[in-house]
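Protein chains in written order, with this note's numbering: chain R, 1 to 595; chain E, 1 to 453.
These are calculated hints, taken from the structure and not from any lab test. Just so you know, not all the hints are guaranteed correct.
Stated by the list, open to error - Only part of the chain E face toward chain R is listed, based on derived beta-carbon distances under 8 Å:
| id | residue |
| --- | --- |
| 1 | Ala-55 |
| 2 | Val-279 |
| 3 | Ile-299 |
| 4 | Pro-447 |
| 5 | Arg-448 |
In this text, a Cβ means the ideal position worked out from N, Cα and C, and glycines have one as well.
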Amino acid sequence: MPNRSNTQAADTTRIAIIRLLGLFIITSFFACNNDPDHTNAEAQFDLSIRLGFEPDRLNPMLSKQTQATQIEGMIFLPLADYNPFNLKLEPVLLKSPPKITQITDGLYAGGSKYEMEIMNEARWDDGTPVTGHDYAFTMKAALDPYLVNTAWKAHMEHITEINIDSTNPNKITVLTNNRYILSEEVITTNDVYPEHIYDPQHLLKPYSFATLKSPDAEHDLQIDSILHDFADRFNDEKYSRSVVSGAGPYTFVEWIPNQQVVLKRKDQWWGALFEQKHPSFQAKPASITYYMIPDAQTAITALKDGKVNLVAELSPEQYTGLQQYNDINHSLTLEAPSVLQYYFIAYNSDRPGLREKAVRQAITRLMNVQSLIDQLFFGLAEPTVGPIPPQHKAYDQDLIPIGFDPAAAKKLLDQSGWKDTDQDGVIDKIVDGKKHDLHLHILTSRLQLSQDVAIILKVEVQKLGIKMDIIPDDLPKLLQDLNNGDFDLVCLSSSHSIGPYDPYNYWHSQATTYGSNHFNFRNSTADSLITLIRETLDEDQRNQLYKQFQKILFEEQPALFLVSPRVPIAATSDLIFKTTTLRPGYFENTISLKK
Amino acid sequence: MWRFVVRRIALTLPTIFLVLSIIFLLTKLVPGDPILTDLQNNERFSGSRGAGFSAKMYNQTAEKLGLDKPDFYFSIVPANYSHDLYDLAYLQRLFAFRVLHDYGHPESIVKLMEKMDQLVQSNSRNDQTVINHLNTYSPDLATLIRVIEESGSLTKNDTLQEINNLVTSIVNARQKDISLIPKIIWHGFDNQYHIWVSRAFLLNFGTSVTDGQPVARKVYHALRWTLVINLLAIVVGYTLAILIGTYAGWKGGIFDTISSAILTGFYAIPVFWLATILVVFFTTPEYGTWTNIFPAAGIWKTDYGNTFIQIIHQNASLLIIPVITLSFSLMAYIARIMRNSVIEEKNKSYVIHAKVKGLSDRVILWKHVFRNASFPLITILASVIPAAIAGSLVVEVICSIPGSGRLLYNAILEQEWSIVSAVVMISSLLTILGLLISDILYRWVDPRVKWDT
């Protein structure tokens, strides 16, 4: 028999549980009635944006995810940047475009001299001026071998000196040792860091850019130890999640893991006077909140409920569903700007069969690109013919995409001697004295889109006796197989900046071992053109070279270039915003409310 | 009782050790190169992806991830392997192993590696093509000979000449008489397994490769959300299940028939479907104002510097849908078991005896039948806690709850094995804890079970 005290204790426990449940239910419904409303008056316009993934870091030099780059663009400013609407490289922190002169003699003969001056009005979050020393610090930090920032380090090898004027710290001179099409972009478009915040110990201050760059520096133990120490501090999460400070229009307020990142417009925004100079100076929303909502359907529901203003990272299918919804409700603005990205299937040109141009051309003719656009992209893509997307100025409009033509493909295979001699259902041929079946393996990522693209190709090639196995891989395995050349075909996508395109890393013969030409494409004419393209600073002349280069790729078909996609964006209809071909397709600091 | 608890905890240590060893083994079996993945960056300038990382960066990343150390206390290797090879930097070591496997000549390979390092460090612009090739440590030796010969600087550079001679001699005199008897190389305690296990025992899982945060903190931040929604779901699910199951089993009749049909329906509803339906239909006025009952998922209200409790308090309404979703299938499952258990108990002789004694139905049901019928619920509790935590992944993604399920999902996508290991480890610990709690409860509720058994 339970005694009296036990019964009392049980009663107390029961009452406590009931109270807890009651409190939860009451609190819940109380909270239900106090949801934030983001559709305020314009003066207090608070923009809320859905992100599908949490950014990895808010540190432009170290972050890898596009979501991070998007947020960093609101906090940091570079010396110059591409205007997202007219797609021209324009000064941001600079007073005017760099003055570029060719160096004709001396140590850096053949190189260029860039003279630049930072605006006197430019200020950091704490009100201190932005100077050339901050720029020099940024570029020195980017050189640190202990920082994993391959995207920043790429192409910096030709920058040899960065000098700051002793009388005017805003004046910067950068010297390069050769002519290179990406020089201006590499020199000017990196986000500038405030030295006093990111290197308060002045670890890099005693060393010039040239000293850190010299081969001796690599073996200097003192420099090595300082670079190690700096990298340890700079890599610390403090400089990625709590101290995030730049010269941009927004200041970092807080980051709640996996929930939201909040930015607030600077109270005394120094760039307000320069809104017409560059869109980066605009700061229309009073605050920007990025909500991390992984499930797109949940994000769409929040958008329809007016709890977020803008949702991107949608699938074409979801976008089509929203179009139907909007036909009735008219509460959304739907846009699908095309972006500088393309999907392609690369051939491994070292493999028997794929070594032959005719086989590659035949497979290209077996991909029904229009069907792919209709079925997988719901019309939100356009065909492309090479590694330069159709939106790029250098795209060769004269090249007509190769259409779906199984008869022509069969003819090409027949002419090159691929026939099913042993009646096993797979075409074969004697290559290097050995009989080879045309049995191909196509690598794809785990993304459904990538696998669906492979399936569409597989269905068609099988009709002509080409056996194809689809191998979906996780990204690390895919990268490893790519690096090791363990593939016949591989489904990939590539993104571009608006700037000049350097084809070396993907398409030059030398990049087969040191670079990303994992496709083993080797063509001496293309190599010569790539070398010329890299040195030709005149845009018109360069575009002519690009056209010749695209014609070679079009003829050689080292890859099956598929489509350039459009990115679906849905926003509440009370927003005014312009789309851009730059990812993510909008520029949030320029978004305003309709009157 | 305390002796029982201490004994059970002591018995869990070998289990934890085994779990840790299995997790370590699994992370080693995952295909792909984590170093290469870590070195990948966004394509900042057109065509720049994959460019710009050297052997030095590769080795630094290997060191940062701790992958430059041997996997285990010892290695079983072919007889011609030398311990000196383990002193080489990581990428050079991999290259040396590859060459050794194909050609033999361990002494020449060690010399070759020294010369290659010497040339790379000289950073001569004249030999840049060769250096670029050496820097990747990827070409086979025949390709290396071709590249060196094509570079045209053989006659000018002594180191290059020596490399060429070494490579040529290794390739031309391939050793075929490699002994098949393996040998063991001892590495000591400075190995990946030892470091991983000793740190994991102290719940130190290192720092996240993606964002540099301590893994333990990331897991803690996520786990508390998962625990909150799951504990609420368990409380709600158990409470409703006990009430419905006990009443249905005791009364029978129409209530039992209808409740059984409904519970079977609830049990059959997939969690992801219920969560999606609730989010899509009941968080927006799209289907009528009356359907806009719950707030939009993922829209968190918070003020700067709020504590977790304050955030929970401010956003309790956002937890309703995940708690309902998780508790429904749990409730249906437990209510069915409770009902069957009560039916079994109500026909036993002690119930008839109690009725004869004149006890009221309420007292018989809640004081006697319920106590005996609740044993299966205690057994289930052991598995419910870890199952709920593992099963809340879908709900966390759909309802935008920043819990451990979502963390695990993202970690798998990003190949963050330190986080995956930590979450699996914590889940294992919770399973062990669940078993311990159920054992204690079982003995507490049923006096027939002794503490020393």
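| Hint check: 8 Å Cβ-Cβ cutoff, Ile-299(E) to chain R | Nearest chain R Cβ about 4 Å off; hint holds.
| field | Hint validity - Val-279(E) Cβ closer than 8 Å to any chain R Cβ | value | Hint holds; Val-279(E) Cβ to chain R Cβ min 5 Å, cut 8 Å.
| Hinted contact Ala-55(E) with chain R - closest CB pair below 8 Å | 11 Å, violated
| Measuring from the C-beta of Arg-448(E) to each C-beta in chain R, is the shortest one below 8 Å? | At 17 Å from the nearest chain R Cβ, Arg-448(E) fails the 8 Å test, so the hint is violated.
| Residue hint Pro-447(E), partner chain R, criterion CB-CB below 8 Å | For Pro-447(E), the interface hint is violated, since the closest Cβ of chain R sits about 12 Å away, which is over 8 Å.
This entry does not satisfy hints 1, 4, 5, going by the numbered hints stated previously.
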